[in-house]
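**Student:** Order-wise, the sequence lines are chains B and E. Position one of the first sequence corresponds to residue -7 (my numbering), numbered consecutively onward. Position one of the second sequence corresponds to residue -7 (my numbering), numbered consecutively onward.
Warning: the hint list may mix true and false statements.
The list treats identical chains as interchangeable, and a pair is accepted whether it falls inside one copy or across any two copies.
Claimed, not checked - Here are the simulated lysine to aspartate or glutamate pairs, EDC-like style, with alpha carbons at most 20 Å apart:
{"no.": "1", "residue 1": "Lys61", "residue 2": "Asp236"}
{"no.": "2", "residue 1": "Lys61", "residue 2": "Glu45"}
{"no.": "3", "residue 1": "Lys221", "residue 2": "Asp95"}
{"no.": "4", "residue 1": "Lys221", "residue 2": "Asp93"}
Everything labelled a hint here was simulated from the structure, so no lab data went into it. Treat the numbers as computed from the prediction; the structure is a model and nothing was measured.
Protein chains: 2
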Amino acid sequence: MVSERGLQVLRAIVQDYVATHEPVGSRSIVERHAFGVSAATIRNDMAQLEDEELIAAPHTSSGRVPTDKGYRVFVNHLAQVRPLSTAQRSAIETFLADPADLDDLMARTVRVLTQLTGQVALAQYPSFARASITHIELVAIASNRLLVVLVTDAGGVSQRIAGLPVDVDEGDVAVLRARLSALIVARSVAEALDRVRALHEPVGVRQDPALAALAVVIGEELEEFRQEKLVMAGAATLARREQDFRGSIHPLLEAIEEQVTLLRLMSEMVVDEHGLAASIGNENAPFGLGEASIVASDYVAPGGTARVGIMGPTRMDYPSNLAAARAVARYLSRMLEEDDAGR
Amino acid sequence: MVSERGLQVLRAIVQDYVATHEPVGSRSIVERHAFGVSAATIRNDMAQLEDEELIAAPHTSSGRVPTDKGYRVFVNHLAQVRPLSTAQRSAIETFLADPADLDDLMARTVRVLTQLTGQVALAQYPSFARASITHIELVAIASNRLLVVLVTDAGGVSQRIAGLPVDVDEGDVAVLRARLSALIVARSVAEALDRVRALHEPVGVRQDPALAALAVVIGEELEEFRQEKLVMAGAATLARREQDFRGSIHPLLEAIEEQVTLLRLMSEMVVDEHGLAASIGNENAPFGLGEASIVASDYVAPGGTARVGIMGPTRMDYPSNLAAARAVARYLSRMLEEDDAGR
DNA sequence: AATTGGCACTCAGTACAGGTGAGTGCCAGA
DNA sequence: TCTGGCACTCACCTGTACTGAGTGCCAATT
Chain B
-7 MVSERGLQVL RAIVQDYVAT HEPVGSRSIV ERHAFGVSAA TIRNDMAQLE DEELIAAPHT
53 SSGRVPTDKG YRVFVNHLAQ VRPLSTAQRS AIETFLADPA DLDDLMARTV RVLTQLTGQV
113 ALAQYPSFAR ASITHIELVA IASNRLLVVL VTDAGGVSQR IAGLPVDVDE GDVAVLRARL
173 SALIVARSVA EALDRVRALH EPVGVRQDPA LAALAVVIGE ELEEFRQEKL VMAGAATLAR
233 REQDFRGSIH PLLEAIEEQV TLLRLMSEMV VDEHGLAASI GNENAPFGLG EASIVASDYV
293 APGGTARVGI MGPTRMDYPS NLAAARAVAR YLSRMLEEDD AGR
Chain E
-7 MVSERGLQVL RAIVQDYVAT HEPVGSRSIV ERHAFGVSAA TIRNDMAQLE DEELIAAPHT
53 SSGRVPTDKG YRVFVNHLAQ VRPLSTAQRS AIETFLADPA DLDDLMARTV RVLTQLTGQV
113 ALAQYPSFAR ASITHIELVA IASNRLLVVL VTDAGGVSQR IAGLPVDVDE GDVAVLRARL
173 SALIVARSVA EALDRVRALH EPVGVRQDPA LAALAVVIGE ELEEFRQEKL VMAGAATLAR
233 REQDFRGSIH PLLEAIEEQV TLLRLMSEMV VDEHGLAASI GNENAPFGLG EASIVASDYV
293 APGGTARVGI MGPTRMDYPS NLAAARAVAR YLSRMLEEDD AGR
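I would like the entire structure built from these sequences, with the hints used as guidance.
**Tutor:** Rendered as structure tokens:
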């Protein structure tokens, strides 16, 4: 069992280790923190913490370093989210003011997050899966080529060019438009996808090759709506932090390039009652990121909730990073709420 | 003056150094290459090469390493572009077959290039600056909200939502569509931009606030067409090569994140008569990439020519990388020619 | 004039030894 | 339960010696 003071010692070790990046000994703890007891007493507490595998010694006689389990306890029980400075808050506001469109807003979001934290920033796009289709427009580009534009009520727009196996004229296009409109407008993306796919059933398709071709393209567009998207920034900051990741940032860069891994990881994180989440060190091992930690915060978009997060070394400054993620997420929620469709 | 054999020695040094990553001495040269002379003779040649600053010694008595100038001579006079293996050629073909759209094609292009070379791959999008507008479509999303879609003859499509200061009905939209159509359809992107901007002249604008708002949005879209875009892959490979860049890959990662630097760098490279270009080491210093080299090859798209390239350490394998860039560029040109609009 | 073998010299890299100091673990006493 | 004291460990630094790859130069050879 770990005593109350033992936990405070753990907190001190985590804080000092994150600050100095060096194993912390009993002596430096009594110097830097006012525990009112001697180094020997701290040593006894540290022995307990070591028994519980909350801290570990890199080699026989050296200071201690928090284990991943130790960080977990720190985050769950010991860390209070440190509120941002007003300067930081206003930085967020000015940086995110007046975005040109959703892409711009997301890009700025990750940029401001990486600037605040000095780490890699991640942000999920608002999901359009639960959004519903408000418009479908067909634009004739050539006699056998149509531009298919879909619009959702959550502000998502998608466009794609469909090549048709037959030529169509103005009238045909109007008919197709009306027919497709009736089929998917006011439906959710998921429903629309079902209904468009149903067109492929032998019965429906044979009749109209143009419709069949459009169905394929529309299916792709809907699929894209359903897909989660991720935007990132700050990969360059990893270069400075090489040794924080046991000497190889390769898995991190891979994950950043892959996207899909990070997307899954972020989706699977479990948020607490404040909408905050942390995934620490070896908890990410299944994703090949056992040396990294990710903190994230939910934000609310018209289509549902999504997440913004920060990825960094296991020995990151959790209170600050959680605070930054939360602040940005809140601001993002507010922006998306005000200007509903995300412009 | 450097003798003929001296140049062959330079070639040997570059080849061996690229292969082994270690300074190469006179002895290992006579062992690995059939010069038919003794090591002492090679040493004399090397002394000349050193006078010409084509090679340098990291420390007083060690093997020699090519200087940036040495690489330049190698690339210009000594390197023959090594043709790809048939396996590699067919890899390109299968990898690039049947792209879904232009984005997909470009993404695959850089992926295949990074796979072939193990380096960072870069590709400029075909420029739409000289393309011309074939369609403009306005879709009413709400009474004061229009989706503005632009299509170019080079396959570029752009869409953006415009918020209007006034409500408009079906008829208004039709009028606006006709008016804008007359203004920019069949014009080049550059012309269209001029004409749209002309709308902002006091005379035109006051009359119609809706038109003014649309002009702003269309201006943004056209600007986006004019902007060059870059797509990249293989950033993760840099992690393995850290020491190749004097220990810091930070500038490279920054440049990759910036994009705009690399875009300028690629644009400013001068291609030779075969459409190939190389920018070596300190030639890139103005861009903060003095430790990196970039090779590139032009490809031909409907809208004009653009470039694909490879970025890696100065000590890269120039013949192979030039060959890979050239092969991919050629294949890309062919694909874009066949399927003119890039789908 | 070009090439060669020989030789002294340089210097990075490695291995070894000794010294230092931060830090621990443990114990007896308060 | 806490504390001071003490022996012990071990990373890290420093200095020394050795090794070997490689050069630069020169006199001899072709």
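**Student:** For each hint, tell me whether it holds in the structure or not.
**Tutor:** Consistency of the hints with the structure:
1. Lys61 with Asp236: Within one copy, since 18 Å is at most 20 Å while 36 Å is not.
2. Lys61 with Glu45: within (7 Å within a copy, 56 Å between copies)
3. Lys221 with Asp95: Close inside one copy (11 Å) and across copies (15 Å); limit 20 Å.
4. Lys221 with Asp93: Both ways: Lys221 and Asp93 sit 16 Å apart in one copy and 18 Å across, limit 20 Å.
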